Amino acid sequence: MYYHMALARALDERVWNLSRQGAIPFAVSGRGQEAAQVALAAALRPGRDYVYPYYRDVALVLHLGVTAEEIMLAAFGRLADPSSSGRQMPNHFSHRRWRIVSGSSPVGTQIPQAAGTALACRMQGEDAVVLVTFGEGASSTGDFHEGINFAAIHRLPVIFVCENNGYAISVPERLQVAGPGMVGRAAGYGIAGASVDGTDPVETHRAAAEAVARARSGNGPSLLEVRVLRLDPHTSSDDDNTYRTPEEKAAMRAADPLPRFRRRLLDSGVMAPAEADALDAQITAEVDAATAAAEKSPVPSPADLPRHVYAGSPTEVRSWRR
Amino acid sequence: MAEMSILEAVRRAMREAMEEDDRVFVLGEDVGPRGGVFQATAGLFRQFGPDRVLDTPIAESSIVGVAIGAALAGMRPVAEIQFADFIHPAMNQIMNEAAKLRYRSAGAWSCPLVIRAPYGGVHGGGLYHGQSVEALFSHIPGLRVYAPSTPADAYGLLRLAIRGEDPVVFLEPKRIYASVRGPVPDGPEGIGLAAAVRRQGEDASVVAWGMMLHRALAAAEALAAEDISVEVLDLRSLRPLDEDAVLATVRKTGRLCIVHEDNAMCGYGAELAARVAEKALFHLDAPVRRVAGPEIPGLPYSPTLEDDVVPTVERITDALRELATY
Numbered sequence: 005m006y007y008h009m010a011l012a013r014a015l016d017e018r019v020w021n022l023s024r025q026g027a028i029p030f031a032v033s034g035r036g037q038e039a040a041q042v043a044l045a046a047a048l049r050p051g052r053d054y055v056y057p058y059y060r061d062v063a064l065v066l067h068l069g070v071t072a073e074e075i076m077l078a079a080f081g082r083l084a085d086p087s088s089s090g091r092q093m094p095n096h097f098s099h100r101r102w103r104i105v106s107g108s109s110p111v112g113t114q115i116p117q118a119a120g121t122a123l124a125c126r127m128q129g130e131d132a133v134v135l136v137t138f139g140e141g142a143s144s145t146g147d148f149h150e151g152i153n154f155a156a157i158h159r160l161p162v163i164f165v166c167e168n169n170g171y172a173i174s175v176p177e178r179l180q181v182a183g184p185g186m187v188g189r190a191a192g193y194g195i196a197g198a199s200v201d202g203t204d205p206v207e208t209h210r211a212a213a214e215a216v217a218r219a220r221s222g223n224g225p226s227l228l229e230v231r232v233l234r235l236d237p238h239t240s241s242d243d244d245n246t247y248r249t250p251e252e253k254a255a256m257r258a259a260d261p262l263p264r265f266r267r268r269l270l271d272s273g274v275m276a277p278a279e280a281d282a283l284d285a286q287i288t289a290e291v292d293a294a295t296a297a298a299e300k301s302p303v304p305s306p307a308d309l310p311r312h313v314y315a316g317s318p319t320e321v322r323s324w325r326r
Numbered sequence: 004m005a006e007m008s009i010l011e012a013v014r015r016a017m018r019e020a021m022e023e024d025d026r027v028f029v030l031g032e033d034v035g036p037r038g039g040v041f042q043a044t045a046g047l048f049r050q051f052g053p054d055r056v057l058d059t060p061i062a063e064s065s066i067v068g069v070a071i072g073a074a075l076a077g078m079r080p081v082a083e084i085q086f087a088d089f090i091h092p093a094m095n096q097i098m099n100e101a102a103k104l105r106y107r108s109a110g111a112w113s114c115p116l117v118i119r120a121p122y123g124g125v126h127g128g129g130l131y132h133g134q135s136v137e138a139l140f141s142h143i144p145g146l147r148v149y150a151p152s153t154p155a156d157a158y159g160l161l162r163l164a165i166r167g168e169d170p171v172v173f174l175e176p177k178r179i180y181a182s183v184r185g186p187v188p189d190g191p192e193g194i195g196l197a198a199a200v201r202r203q204g205e206d207a208s209v210v211a212w213g214m215m216l217h218r219a220l221a222a223a224e225a226l227a228a229e230d231i232s233v234e235v236l237d238l239r240s241l242r243p244l245d246e247d248a249v250l251a252t253v254r255k256t257g258r259l260c261i262v263h264e265d266n267a268m269c270g271y272g273a274e275l276a277a278r279v280a281e282k283a284l285f286h287l288d289a290p291v292r293r294v295a296g297p298e299i300p301g302l303p304y305s306p307t308l309e310d311d312v313v314p315t316v317e318r319i320t321d322a323l324r325e326l327a328t329y
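Chains as they are written, first to last, in my numbering: chain A, 5 to 326; chain B, 4 to 329.
Keep in mind the hints are simulated off the structure, nothing from the lab. In this text, all values refer to a predicted model and were calculated from it rather than measured experimentally. Idealized CB from N, CA, C, for every residue including glycine. Mixed in with the good hints, there may be bad ones.
Reference excerpt, derived from the structure (chain A facing chain B, CB under 8 Å, subset only) [unchecked claim]: (1) 100; (2) 125; (3) 129; (4) 222.
Only chain B is shown next, with the shape it has when bound in the complex (with noise of 0.2 Å):
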C-alpha cells in the first residue's frame, strides 16, 4: 500500500486502467500535454500518446456526445470536465442519451463511460468553479454517481467505475485533491459500494462524502473532547445509495445530521431525510438536521464570504452538539 494524495491515485487508477486494458482512453480540455488543469492526466499523454489522451474543443456535449458513441461501439472512454459547473452544457447527453441507452434499448446497447468531474468548493472560485451538483445526478435512474472522499476510494472506485458497464458521474473532491493523503491499495480488487464508517459513535451520526467528510470527522473529533460521540458516515457511492447502512446508524444513535456543500433544497440530504422518515421514523430521538449550502445560486469569490456558505467545522460542530443534546 502506497501512500499519496487524492489526485495521485485518480491518476494512478486512469494509468493502471490504461495500461491494462486498450479499449480504455482518456479524452477532455487540456488532458493531453498540459496534464489537466489540475494536474490528473499528468503524464498520461507522454505514456500513451494522442491516439488515447485526447485534447478536446472546449464544448462538453461533444466531449460526453463522442465519449458516448465510442462506449457503444466497445471503448471505455473517461472523460474529463475540467470543473463539475461545467457539465451542464452536457446535460442532455448525459440525462437523455448515456443514462437511457440501455433503459430504451432494452438492454442491446450500453454505454460503459466515466464522466470525471472535480466539484465543490475551492477558495475564489466564484460562482464557476466551486458548483456541487450530485444532486442533479443522483437524480437520474441509469446513471451511476461515485463521489470518494479518501485517496483510497478516488483510486478504488474509479477503477471500478472504468470496469463497470454502467455510465458513472465520478466526483472528485478537488478542494482536498492535494491536502488529504492515505494509503491505496494496491489494486482494485475488493472495492465495493457500501458506505463506509469512517468513525463508530453512540450519541449522533453525520452522513457525509468528499471534502464534508474529513470537515465531519473533524467535528466529531472536537465533540469527543466534550465527551459526545459521534458515528461518522461516508457514503461514497450516491446512486446506489446504500440506505442500509443510513438506517442502521439512525437506528443505532437515533440522531442523524446531514452534510453537504450543495444548497439544501431538494438536496441529497433531502433524500436521505425522506428515508430515514420512511423507514427509521420511530429510531429518531431527534429532528433531522441538514448542514447544507444556503439558498444562493453560486459560491462567492471574496474568500470574506465563502466561510458562509461551505459548511465549516464549526458549524458542523454546533450542529452535532445540539442534535446530541436535543
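If we strip away everything but chain A, and leave its shape as in the complex, we get (with noise of 0.2 Å):
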C-alpha cells in the first residue's frame, strides 16, 4: 500500500512540473488522497469487481493495476494511452482489463451508472461488485441521489464512496453540504454509512473491506465517507491562494498522510529505514523510466479521429443498405 501511495504522489508531482515546464497542457493531482485510494483499492478483486473512478484517483487505479507508464502516456496524450489514446484529460482514467470504467468531466455522471453495472452484475450471475468514487462536490448533484436511490430500492453491490476533501474547486464544503453532512445521507436511503478519516489507510480500508462484503453478500449498498485532504490547487488552471489561507495550506501540510503512514511503518518496524529509501529510489528510476518511454511514444494521428465514434468503420450509411 505504502508503495502505490508514494508512486501516485511522485507521479502526482512529475506530472504537475511537466504541466508547469509546458511539456504537457494539463495537470490535476490526487496528492493528499492517496491512503485513502489505496485503502479502498485493496478492497476490491482488480479485474473482476468494476471500479469507477473519479479524476484524483491516480494512487486507486494503481493499485488495481494500472502501471505508471500508463499514466505518463495519458498525460502526455500518446496513441498508447489505454484510458483514451490522449482523448481524455490526464486521470479521466479507462482500463478495460481492470474494469475501470471510463469517466467523463461534468462530476456525479457515474454514479447511477455504476448502479448499473450492478445491476447487470446481478442479471449476469456475476458476484462482483462496484465501486464507485466522487468528491464532495458531486453529491449535489441531481445523478447522486438518484443513482444512490436506485441502487438502494434494488439492494444493488455497489460501494458510494466521497473522497471529501472539502473542497469543490473553491468552494468549502459548508456550501456544498446541507444537513448533518455527508454520511447522514446514507440513512435517508436506508443505506450503511460510515465516515472515516481517509488520511490513515488501516481504517478506511477496514470500513471499505465492511462495505465491500455487505454488497458482495447482498446486503446492499454502503455511502462511505473518506475524508481527505486535497494539498494541491484543484487543477494546473486554479490558484488556490485565492480562497485558502497560508495557515490552512500549512495545516494540511502537516498532516499529509504520506509521510505519516511512512513514519508509522518505520515506528512499528513493518518497513526497515534503508529499505524506505530504497523503495524511494526506487520509485524515482521508475517515474524517470515511465516519462522517457511515454514522451517517446507515438503521438495519435488525425487519421484516427474518426475511429470509434460508432462501432466498425462507417459514419456513412452506403454500407449498410440493402
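Using the hints, put the two chains back together into the complex; each one sits in its own frame.
Spelled out as C-alpha cells, the structure:
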C-alpha cells in the first residue's frame, strides 16, 4: 500500500511539474488523497470488481493494476494511452482489463452508471461488486441522489465512496453540503453509511472491506465518506491562494498522510529505514523511466479521429444499404 | 407477414428481442404491470417478470445512467422515456456519456443501448406532451437516431437498434401509434437503414419521417388529382442520414420540400437544405421549401390552435403545389 501511495505521489508531482514546464497541457492531482485510495483498492478484486474512479484517483488505479507508464502516456496524450488514446484529459481513467470504467468531466454522472453495472452483474449472476468514487461536490448533483436511490431500491452491490477533501474547486463544503453531513445522507436511503479518516489507510481499509463484504453478500449498497486532504489547487489551471489561507495550507501539509504512514511503518518496524529509502529511489527511477517512455511514444494521428465514434468504421449509410 | 399497428410492432420487437437474448431488458416509468402509459410494454412484465421489466423512479437521468452502466457491462437495455418531452433531464447522460463512451475510451468500452421516446404532436398534449426532439439528438456524433413511420419499420428498426452496438435514440410517432396499420415482416433479417421512396414522382420531392410522412403522402395523393406528381422520401434513420437518397430525389425532380413538426430554426430540415445546397445546387429548379412548426416554445393545448402549429396536409399540399409550379 505504501508503495502505490508513494508512486502516485511521485507521478502527480512529475505530471504537475511537466505542466508547469509546458511539456504537457494540463495536470490534476490526487496529492493528499492517496491513503484512502489505496485502502479502497485493496478491498477489491482487481479485474473482477468494477470501479468507477474520479479524476483524483491515481493511487486507486495504480493499486488496481494501472502502471506508471500508462499514467504518463495519458498525461502526454499518446496513442498508446489505454484510457483514451490521447483523447481525454489526464486522470480520466479507463482500463478494460482492470474493469476501470471510462469517466467524463461533468461530476456525478458515474453514480447512476455504477448502479446500472451492479444491476448487470446481478442479472448475469456475477458476484462482482461496483465501487464508485466522487468528490463531495458531486454529492450536490441529481445523479448522486438518483443513483443511490436506484441502488438502494434494488439493494445493488455498490459502494458509493465520497472522497471529501473539503473543496469543490474553491467552494468549501459548508456551501456545498447541507444537513448533518455526507454520511447522514445514507440514512435517507436506508443504506449503511460510515465516515472515516481518509488519511489513515488502515481505518479506511477496514470500512471499505466491510462495505465490500456487505455488497458481495447481497446486503445492499453503502455510502462511505473518506475525509481527505487536497494538498494541491484543483488543477494546474487553479490558484488556491485566492480561497485558502497560508495557515490552512500549512496545517494540511502537517497532516499529509504519506509521511505519516511512512513514519508509522518505520516506527512499527514493518519497514526498515534502508528499505524505505530504497523504495523511494526505485519509485523515482520508475517515474523517470515512465516519463521517458511516454515522451518517446507515438502521438495519435488526426487520421484516427473518426475511429470509435461508432462500432465498425462507417459513419456513412452506404455500406448499410440493403 | 402479420398486419398490425405501430404500437403493436414496437411491442413485438421488444418481446422477440427479449425471447431471443437474455441480455435484453426493459426499464422505464410505468413499464411494469401497467405496460407503459401507451401500452408499448403491455404483457412483457407478465411474460418476463420484474427482473427484466423494471419500473423505475421518475428520474430520467438515472433511467439512462443505469442503462449505460448495464450496457457497458454486457447487457442490452431498452429504456423507455415516457414522452420525448421528458428526455431533457437525461441529456447529459445521453450526450456526454452514452454518445461519447466508445470514442473517449478509444473503443475499450461501448454502450449498446436503446432509448425509446414517443414524440411529436398529439391531440391536447400541450407544451410537454408533444415535443419533437430529433434535431437535438441528430446533432450528436456517436448517437444513432431512428424515426420509423410504418409498423414494418417500427418493428425492424427497433430490432436493428437492439441488436446494434451503438446507443440509439428511437423516436416513435405516438399520434399514429394505433391509427397506422400495416404488414410487418416475420423477422428482422434484411432490415437496413437506407431511406425509402414511399411514392414515385417527377415534379417535386418531399422528405419526411414519422407522422409527417403520412401527411406528405396524403398531400402527394391530393396533388395527383391536379396532375402534379410528387415523390415522397421517408428518411427512416436521421443519424446516419442516407444523403445519397436525398440527393437522388433532388436530382430527379429538381424541387425539394422538407416537412417536420419541429420548428424550422436549426431544425433537421436545415441540415438537409444545406447538404442539397452543397452537393446538388445546380439540380434545383426552385428554392428549397421547409414546412415546419412555428418559432414558439411548444405546442398549445387548445385544440383550435394545434392545427396552426403541426403541419397539416393542406399546408404541405399548398407548399408542394407552389414548388411544383415555381
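Taking the hints in turn, this is what the structure says about them:
1. 100: holds, 4 Å
2. 125: holds, 7 Å
3. 129: violated, 11 Å
4. 222: Hint on residue 222 of chain A: violated, closest Cβ of chain B at ~14 Å, above 8 Å.
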